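Asks: One-letter residues, chain by chain:
Number of protein chains: 2
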Amino acid sequence: MSYKIITISREFGSGGRTIGKALAEKLGIPCYDSEIIDKVAEKSGFAKEYIADKGEYISTSHLSGLFRSNYYYKSSNEDIIRDIQTKIILDIADKESCVIVGRCADYILHDRDDVLKVFICSDKESRAKRIVDVYGEKEDSPEKRIKDKDKKREAYYKFYTDMSWGEAKNYDISLNSGTVGIDNCVDILYNIFRNSK
Amino acid sequence: MSYKIITISREFGSGGRTIGKALAEKLGIPCYDSEIIDKVAEKSGFAKEYIADKGEYISTSHLSGLFRSNYYYKSSNEDIIRDIQTKIILDIADKESCVIVGRCADYILHDRDDVLKVFICSDKESRAKRIVDVYGEKEDSPEKRIKDKDKKREAYYKFYTDMSWGEAKNYDISLNSGTVGIDNCVDILYNIFRNSK
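Protein chains in written order, with numbering that gives the first Met the number 0: chain A, 0 to 196; chain B, 0 to 196.
FYI, nobody ran anything at the bench for these hints, they're computed from the structure. There may be inaccurate statements among the hints.
A pair holds if it fits inside one copy or across any two, identical chains being indistinguishable in the list.
Below, in silico cross-link-like pairs of lysine-lysine (PhoX-like), each with a Cα-Cα straight-line distance of 20 Å or less [stated by the list, open to error]:
1. K128 <-> K168
2. K3 <-> K196
3. K168 <-> K157
4. K148 <-> K168
5. K148 <-> K128
6. K168 <-> K146
7. K168 <-> K143
8. K94 <-> K38
9. K196 <-> K94
All values reported here derive from a predicted model rather than from experimental measurement.
With the sequences and hints as input, model every part of the structure.
Replies: Quick look at the structure:
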């Protein structure tokens, strides 16, 4: 198996984005994270903050609309963003070897056998500490922020992929950054990718 | 983090046992798998086949008994086996560096920080092929055998640990042997264990 692409799905506050960026730098390949949001913004006209939210989290109004008996289905903004995002991710993966963080890239590229699908998780205490370190204090407690993000991200993943978020069998490798350590995660993934060549 | 013990939880037919044995051999440390069954048999007087089944799979009669309103709880054979098994695993882990396959060892040793908790999974097609190669054809189809084992193992894990089977966050590392390959899984785990020293 020779890997060309690494997709990183991650729990909020697990350091998955940091791992993706460090890994890409070590491998000398690009890392796509907020760059995908920029590209979707360019193509769709939606604001970046709106895309960052709707391209990975599902809103309760969107879900409840789908379950109303008298609901006449039409493409929502979430669907439009997802379709543009899907095309951008497929194009990026065709073009070059890279790391892609989040945005269901693992599912979008599931037909390819040169994708190393990674999941990064961590215990709640480490995540709570990390989100305060990285994103600062907010009105809501770190625990509430984690719970809200997990819930919406799980729902988004389930809705668009019909798979359960965080199940080991959906990935090639899952790492707990809280116990293994961020730097060790980077080294482990680097070695797997390099040894596949 | 310097690891002393490796616990391997695995889906039936994922090659987790084979990985555990090869890894232990490569590291020059013992691998406990059927040896735990032998020890439980010695202490309990139950037959080995019975322990192999009850020490990792939960029977529907045991579960339904617990949910009957007029059920007067007493220790079942499953509970007795679990208690003896728990003590044996704690003793082994205290004594020496080793690999332990299955039997909720990850949960039994969850208080220790020198345990590398591994989960091995794989896709259903690879597992079906593997169980026929390793255990031969049986009256039931490989798919049915996998479904039955998964169901009972999941229930056992949930019942005794109150965690969900196969969730990445319960382990330090999860590997998909179907895509990563058995030999690569051994190499990856070997490097993580060795580099922790």
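Asks: If you check each hint against the structure, which ones fail?
Replies: none
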